[in-house]
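**Student:** Put together the whole structure using the sequences plus the hints.
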Amino acid sequence: MAIDLQPDKPQQPGGHVPSGREPQPGAPRAWWGRPAIHTGIAGAVLGYFVGHWLGNLIASNYQQVQNSGQNDFAIILGYVLGTIGWLAGLGVFNDLLRQMAGRPVHADAEAQAAAAGTARFFRYSLDHKVVGIQYLVGMIGYFLTGGLLALAIRTELLSPSYHVFSSATYTAIVGEHGTMMMMMMSSVILGPLGNYLVPLMIGSKRMAFPRIEALSFWLTPAAYLVLLSGLMFGGFPFGWTGYAPLSIEATQGADSYAVAFGIMGISLILLAFNLIVTITCYRAPGMRWSRLPIFVWSNLTTGFLMLLAAPVLVGAMYMMITDRTVQTAFFTDDLGGSSYLWQNLFWFFGHPEVYILALPGFGIVCEILPVFCRKPLFGYRVAAAGMVGVTLLSFFVWQHHLFDSGIDPDMRPVFMLTTELISIPTGFIFLVAIGTFWKAKIHFTVPMLFALGFFFNFLIGGISGVFLSDVPADTTEHGTFFVMAHFHYTIMGGLIFAFMGGLYYWLPKIMGIRLSQRLGQIHFWTMFVFFNSTFLPLFAVGMAGQPRRVYTYAQNLTTLNDWVSISSFLLGGSILIFVINFVYSTVIARVPEQGNPWRSRGLEWQVSSPPGPGNFDRVPVVLSGPYEYGSKDAPPVADLDPPLGVLSEAYGGAGAGADVAEVQR
Amino acid sequence: MTPADAVAGTQRREPNHGMRIFLIWLPIALAADLIIWFVWGPHMPPGDMSSSARSQQFDINVMAVMAAPVMAFVLTYGVYALVVWRHRAGDEEDGPPIHGNTRIAVTWISVTSAIVLGLAVFGTVELVAPAGAGAGEGNTPIWKPGGGAALQVQVIAQQWRFTYRYPQFGGFETTSLVLPVGENVQFDVTSLDVVHSFWAYQLGVKADANPGVNNVAFTKPEHTGAIQVRCAELCGLWHADMTTVGTVVSTPAFSSWAASTRVQLAALTRNLPPYSLTYDPNSVSQLGKAFQQAGLTGAGGGYYGPQYPVQP
Amino acid sequence: MSLPARVAALTVAFLAVAGGVIFVVAHYLLGGPPTVDFAASGGQVSVVMQTDASSDPSAVPDHPTWVSYFIKSPVTGDWVHTTLFQVPAHTQVHMTILGYDGSTPVRNQIWGQVSGTIGDVAYYGGAPVRTVSGWNGPYLIQHTFAIPGLNLNVPVEAGPGTCSTGPCTNKAHSTTTFSFETPAQTGSYRWQCFVPCGLSYLDGNGGPMQTIGYMMGNMQVVSS
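Chains as they are written, first to last, in my numbering: chain A, 1 to 665; chain B, 1 to 312; chain C, 1 to 224.
Everything labelled a hint here was simulated from the structure, so no lab data went into it.
One should not assume that every hint holds.
Stated by the list, open to error - Partner residues are not named here, just some residues of chain B that face chain C (Cβ under 7 angstroms, in silico):
1. Gln158
2. Gln159
3. Thr163
4. Phe169
5. Glu173
6. Gly236
7. Trp238
8. Leu272
9. Gln286
10. Gln292
11. Tyr303
Quick caveat: nothing in here was measured; it's all calculated off a predicted structure.
No residue lacks a Cβ here, since even glycine has one placed at the ideal position from N, Cα and C.
**Tutor:** If you want it as structure tokens, here you go:
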């Protein structure tokens with residue numbers, strides 16, 4: 001079929017309507033008739049019951065099911081079909097089915113984007129800005145849920161002898177907290193801020209795959225609800241690491257762990273895929289790799305980590321599911337499997353996972369620092385190289401989680417070396433910060449405070465990581481609260497502080513309103529002080545011999561544990577201050593903040609707040625990097641209104657002319 | 001010196017920030033290192049009750065002495081920068097357009113690489129020299145202690161208690177851990193069901209217990225006293241309760257304990273399966289038969305059911 | 001929306017979410033099997049329990065196919081489906097376990113050794129035993145009653161296994177009796193079965209072996 005060089009209307013995917021009829025816009029349907037959350041819930045419930053019934057049909061006469069009284073097959077099928085029903089109810093498959101049927105796709109991304117009103121946030125929206133805000137609200141909700149579970153853990157640990165919860169409840173809460181946080185916080189920056197800001201930062205009007213992006217978001221509430229519903233089945237007693245064979249012999253709550261993690265793994269893969277293609281292919285003319293904002297570099301490298309590591313996780317969860325339902329023996333030693341297989345598969349994902357959690361934080365602080373130091377980012381190439389180095393090396397260090405497990409003893413010096421080596425690119429971020437501070441003009445705004453908090457926390461977290469990478473020292477520290485303190489410092493002290501900083505920095509851009517700076521200062525100082533007072537003593541608690549995931553401990557550690565628990569409640573209070581600030585500022589006060597309050601050179605700040613549909617009126621031509629502070633004669637970051645001929649010259653010579661400019665729209 | 005200064009003719013000499021930072025950092029780093037090594041060092045966990053604990057303590061002390069100046073540098077620089085280069089009210093100028101400095105970057109990368117590679121070499125030496133430093137080495141350990149045959153103690157982990165078997169004393173099995181001082185001890189750690197981890201804190205020994213796998217760890221107790229044994233891998237509901245208090249006693253006390261316990265538990269020892277490094281009930285013929293008669297084949301529990309024949 | 005409307009909508013949404021959360025939390029966290037209290041007896045305490053291969057769905061609605069312990073209430077004489085009980089400190093406890101379940105092989109033979117009881121002995125139908133083989137006769141084991149915190153371990157003799165609708169009262173059973181002294185220190189002492197009897201779970205250690213109220217529980221020692 002010849003390609004129309006001068007189409008008189010934009011090409012429809014799937015070709016023109018054969019009968020020559022053009023799609024009639026028609027009257028828009030009522031809000032309850034169009035697919036949204038309510039139809040999604042209906043689809044989920046229907047799917048769950050169908051799946052459960054199907055599972056009972058297939059498996060209820062298995063001997064295992066009859067003796068044990070639990071049908072894991074039915075539960076898992078219920079969850080999976082429930083998720084598919086949820087997506088179908090939301091309308092995820094509608095466009096796909098239309099294309100398969102040869103009918104034109106009704107939903108036009110730009111028309112949708114032009115729709116105003118709150119209802120679009122409850123729909124399967126193809127506008128990346130709407131998806132970014134959906135992710136933001138979702139991620140804050142997931143974080144608060146995980147945080148409440150953490151407060152429950154610290155309540156139990158107030159006393160070694162008086163038990164608030166039974167051991168079963170406590171172990172289930174520990175597993176839920178860990179899994180909720182590790183699963184969900186993987187996307188806490190790439191989801192909201194990455195999806196919202198990356199097209200703006202690279203000068204693109206859209207994301208490469210809007211449907212995949214929206215799908216990656218709508219999988220997260222499914223994963224969240226599947227995980228929480230595990231509590232109704234009694235929870236799972238094996239923490240977020242899921243070590244077999246405990247995970248094979250556990251009761252029904254383990255199914256929700258496996259399915260939720262699997263769903264979230266798929267969401268990570270889709271999120272990453274979309275971001276990578278967008279960053280690679282949708283950069284505006286003039287946006288060379290050497291001018292790419294560091295935040296975009298961090299999204300790109302984190303995307304590769306997600307894309308390559310999450311499939312291993314999904315595969316491992318699938319193997320756990322078959323071990324639990326159809327009596328395969330992957331992880332069962334007696335029949336030729338191995339518990340080590342699970343450990344290696346899990347940590348092959350698990351180690352890149354923690355860099356998925358760390359790198360986006362690096363990206364955010366590298367964006368914040370130049371703006372509030374009024375200086376270019378020191379060592380831009382070093383920063384980018386550091387992120388690339390971390391990404392590459394993170395696939396070669398996973399066995400440091402297994403030093404004492406009985407792996408081949410020769411492997412341990414090898415992985416000790418690679419783990420020590422990865423601290424070199426991780427340290428580049430400190431070089432960049434040190435250089436950027438040199439002779440700067442440092443403004444202590446709320447985003448900057450969070451960036452400074454990030455550096456303080458990540459310093460402690462990173463150095464404690466070096467202690468853990470050393471095998472003899474790890475022999476005492478593995479499986480204790482020392483490890484817990486280390487990863488809470490790097491993940492919460494790093495990622496979450498950076499997330500908060502990014503939120504205070506970019507919320508004026510995203511919503512056109514400002515968060516209260518006064519409450520923000522209170523939020524930062526209380527969060528910083530209580531975060532450190534909660535987690536710094538845990539290094540000592542771990543070295544004194546308290547293992548992880550325990551509800552009782554030696555009497556002489558009671559004072560330390562009480563101090564930590566009370567600090568954690570106060571830390572919860574500081575996060576409550578954040579929630580109050582966020583809700584009050586966005587819903588009640590709504591103080592408008594248009595323009596560029598931080599005087600940033602970033603490309604995203606050169607358009608209105610919030611940006612209009614399609615982000616830019618015309619695809620901009622990028623003229624310089626975003627960190628050119630201090631040079632009076634630096635060109636502006638981009639030309640937002642380039643002459644028509646510029647683009648066509650950029651894309652292939654004169655004569656391609658007007659239709660190329662058309663395509664650029 | 002900003003162009004404005006040059007034009008105005010005011011010669012404000014820029015202080016040597018690097019030297020100032022160095023001079024503030026040096027005493028802090030020295031003081032920290034001295035306190036760590038001399039005050040804190042002898043009390044650093046896990047103590048010095050055994051050869052592996054002592055070498056781990058030394059290892060942690062050395063790393064702390066190396067980490068403290070690094071942390072002190074970053075914190076000193078940070079505080080200095082935030083105080084000296086903070087934005088003064090009314091100054092709306094940007095800072096100097098410094099994009100990078102190749103010399104600084106190369107120096108940074110070289111120094112951090114040297115420190116890190118040095119730590120890797122040091123860590124390897126500290127792992128190899130003290131016979132594996134108490135970490136579980138799997139079923140083919142390569143770093144074994146010299147100096148005589150070791151006392152073998154099999155640690156059997158099950159949900160939710162550790163039991164200990166002494167093959168050199170007739171293979172009796174007890175719930176108490178008693179060790180002689182001054183002799184090499186070889187722990188053969190295995191599990192009967194899920195993954196546990198045998199962690200003897202004062203001995204500096206940690207070895208994961210995997211089902212069907214033997215994980216060997218070595219140590220040599222050097223002082224008598226009590227040992228806290230905990231499980232260090234989440235193994236189910238009562239993971240926190242899997243604790244033992246073991247003791248290290250003098251060699252004659254140990255010999256008399258072993259002899260008397262052997263006699264006391266003779267009836268039980270006759271019931272135990274023959275000693276083996278890993279334990280699978282199907283491999284013990286009588287026990288396997290009993291499991292089969294009860295309809296529990298495969299991995300036990302009837303999970304794989306009699307309709308699934310046992311595959312080797 | 002106007003400001004009052006926004007505030008109202010926000011308050012309603014917040015109350016709905018908070019209400020839902022509190023409901024779920026209260027329902028989940030505070031539920032659990034009841035505790036049978038033996039602490040009021042004073043002096044010696046007599047505890048009677050039974051083990052069953054499976055239970056009547058009316059007595060055990062959650063998992064009727066699971067093997068389970070029951071405790072006889074000292075006040076009403078009814079069989080309570082729980083494994084939580086309370087005893088006074090520094091007291092002799094006489095325990096009788098009626099075993100209605102059939103035999104299960106022990107995975108680790110050390111749990112056939114009686115320990116921690118008064119006299120280091122237990123009685124199977126009156127006959128004293130100290131070490132039980134579990135697979136080699138003359139006695140077979142169905143479960144154990146073990147309190148690791150007191151180093152107490154007693155294998156329960158296997159019964160004929162003819163009753164499968166617990167709590168059983170009128171079928172043949174084995175009788176295991178023993179006595180032990182509760183410590184002076186109050187607190188909670190977990191107890192568990194060491195025989196992998198969770199049928200159709202991997203290694204026999206799942207299901208009832210991992211759920212409080214079936215094959216594992218808690219003995220709370222309170223001051224007398």
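**Student:** Each hint needs a verdict: does it hold in this structure or not?
**Tutor:** Hint by hint, here is what the structure shows:
1. Gln158: OK, holds: B/Gln158 within 7 angstroms of chain C, min 6 angstroms.
2. Gln159: Holds - the Cβ of B/Gln159 comes within 7 angstroms of chain C, reaching about 6 angstroms at its closest.
3. Thr163: holds, 6 angstroms
4. Phe169: violated, 15 angstroms
5. Glu173: holds, 5 angstroms
6. Gly236: For B/Gly236, the interface hint holds, since the closest Cβ of chain C sits about 6 angstroms away, which is under 7 angstroms.
7. Trp238: holds, 6 angstroms
8. Leu272: Holds. Min distance 5 angstroms.
9. Gln286: holds, 6 angstroms
10. Gln292: violated, 9 angstroms
11. Tyr303: At 5 angstroms from the nearest chain C Cβ, B/Tyr303 passes the 7 angstroms test, so the hint holds.
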